[in-house]
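*Asks:* With the sequences and hints as input, model every part of the structure.
Chains as they are written, first to last, in the working numbering: chain X, 388 to 503; chain E, -10 to 103.
FYI, nobody ran anything at the bench for these hints, they're computed from the structure.
Incorrect hints may appear among the rest.
Under the rule of at most 20 Å between Cα atoms (straight-line distance), these lysine to aspartate or glutamate pairs were calculated in the EDC-like manner [said to hold, decoys possible]:
hint : chain 1 : residue 1 : chain 2 : residue 2
1    : E       : K11       : X       : E431
2    : X       : K425      : X       : D473
3    : X       : K425      : E       : D90
These numbers come from a predicted model, not from an experiment.
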Amino acid sequence: AQKVTQAQTEISVVEKEDVTLDCVYETRDTTYYLFWYKQPPSGELVFLIRRNSFDEQNEISGRYSWNFQKSTSSFNFTITASQVVDSAVYFCALSEAPTGRRALTFGSGTRLQVQP
Amino acid sequence: AAGVIQSPRHLIKEKRETATLKCYPIPRHDTVYWYQQGPGQDPQFLISFYEKMQSDKGSIPDRFSAQQFSDYHSELNMSSLELGDSALYFCASSPGTGGTDTQYFGPGTRLTVL
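*Replies:* Okay, here's the thing in structure tokens:
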């Protein structure tokens, strides 16, 4: 069965600090997809990134970067120079496409609070 | 760009009543997913549809049913509502059922059962 673990329940940082959100996953499939979603206080779920299991290349998008390591089954998310607007709950998620469960299995989320 | 539309955004019902939630996917997206997010919880998958057929089923109670119509919009019907059904209900759409495509979420419907 697939499982996503986000061990950090809540993180509080001061603006301009860097912060890393951890995500560890379990799956029996060799082909799978990993995602990060952001849920701000307004409640919507905002897609941030998708990574497939064959692509371990790290990715950077502005202040956001992602580190995917199959050897440790981790897909960590780093925010550089955090801002108050980054305050949200961040979910890591997994889908076992194309042969397994395509629906997303979410981790329990990490609440990030960025203090001014 | 067009996003997923959900209606209503807020809904208040009494116990044992019924509720219908609607979802309009992004144009040209043929797969719809429904998720339930309880307070302080992560979203839990309920059910999905591809080309108007049920494609996958999660932890959806028997009191709930759903369908996808010819215009690809979907409705989640909930009967005999219980206090525990109070949650944020998300609909997501993607351009294919292969799971290789990103699911884009609507703003959610907040259901409160009194």
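*Asks:* Is the hinted pair X:K425 and E:D90 satisfied, with a Cα-Cα distance of at most 20 Å?
*Replies:* holds (18 Å)
*Asks:* Checking one constraint from the list: CA of X:K425 to CA of X:D473, max 20 Å. Satisfied?
*Replies:* OK: X:K425 and X:D473 at ~9 Å, within 20 Å.
*Asks:* With a cut-off of 20 Å on the C-alpha distance, tell me whether E:K11 and X:E431 pass.
*Replies:* The hint holds at about 16 Å.
The structure fails none of the hints (numbered hints given earlier).
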